[in-house]
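2 protein chains.
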Amino acid sequence: MLKVIAEDFIKIEAIEIVLPLYRELVEATKKEPLCISYNLYVDEKDPGHFVFVEQWPDHAALDVHCASEHFQRLVPMINAYKKAEPKFLLMADAFDEKQK
Amino acid sequence: MLKVIAEDFIKIEAIEIVLPLYRELVEATKKEPLCISYNLYVDEKDPGHFVFVEQWPDHAALDVHCASEHFQRLVPMINAYKKAEPKFLLMADAFDEKQK
Numbered sequence: 007m008l009k010v011i012a013e014d015f016i017k018i019e020a021i022e023i024v025l026p027l028y029r030e031l032v033e034a035t036k037k038e039p040l041c042i043s044y045n046l047y048v049d050e051k052d053p054g055h056f057v058f059v060e061q062w063p064d065h066a067a068l069d070v071h072c073a074s075e076h077f078q079r080l081v082p083m084i085n086a087y088k089k090a091e092p093k094f095l096l097m098a099d100a101f102d103e104k105q106k
Numbered sequence: 007m008l009k010v011i012a013e014d015f016i017k018i019e020a021i022e023i024v025l026p027l028y029r030e031l032v033e034a035t036k037k038e039p040l041c042i043s044y045n046l047y048v049d050e051k052d053p054g055h056f057v058f059v060e061q062w063p064d065h066a067a068l069d070v071h072c073a074s075e076h077f078q079r080l081v082p083m084i085n086a087y088k089k090a091e092p093k094f095l096l097m098a099d100a101f102d103e104k105q106k
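Residue numbers (the numbering used here), protein chains in the order written: chain A, 7 to 106; chain B, 7 to 106.
Be a bit skeptical, because a hint or two may be false.
Copies of the same chain look alike in the list, so a pair counts if it fits in one copy or across any two.
Claimed, not checked - In the SDA-like style, the derived pairs of lysine to any residue whose C-alpha atoms are separated by at most 25 Å in a straight line are:
no. : residue 1 : residue 2
1   : K93       : I18
2   : K51       : L68
3   : K51       : A67
4   : K51       : H71
5   : K36       : L96
6   : K89       : F101
7   : K37       : Q61
8   : K93       : V10
9   : K17       : V81
10  : K51       : A66
11  : K36       : M7
12  : K89       : P39
13  : K51       : A86
14  : K89       : Q78
15  : K51       : C72
16  : K17       : F58
17  : K17       : F101
18  : K93       : P26
19  : K37       : D64
20  : K51       : C41
Derived by calculation from the structure, the hints in this document are not laboratory data.
Note that the structure is predicted; figures quoted are calculated from it, not measured.
Construct the complete structure from the given sequences, taking the supplied hints into account.
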């Protein structure tokens, strides 16, 4: 199991532009057969700080996602409005057993 | 809905000490009636970088968690082995509709 946190930092004046792009990205990604979960959140303290919390079966599934048409098309459109570089955190379960 | 990412940075030599403390904290927290989800992950690049991904119905529920006996007892025991200050990120859904 692979857990991913991906953080975007978007210019405040571009939030309304990127929201429909994010919406399309999330909707298309949720339809990927290998996607376990893929949700987008926004920092309570910064409306331009968007945070994906993702779950994939393995790294290969994440690679398929990153190579998808929707990812390759939409992510550069979103990144055009970034105010800082995105951050990525790839994680494993801290314990072995299945979690709630 | 409140999504929380809480990051701990633990000294490498203390990982085996904190793991049972984390296990007790996760097991006790999952039993809290207001807990929607509470899982602990570890950074693939840093075995001392532990990341909680949490979901609560609202801020009041998080306050109840932080005031719980298990939190008040175990978190200071874990923090005794920190190598850097913990980080917290409180987030809302980026969209209004229910997510997968």
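- Compare the structure with the hints numbered earlier in the document and write down the numbers of the violated ones, lowest to highest. 12
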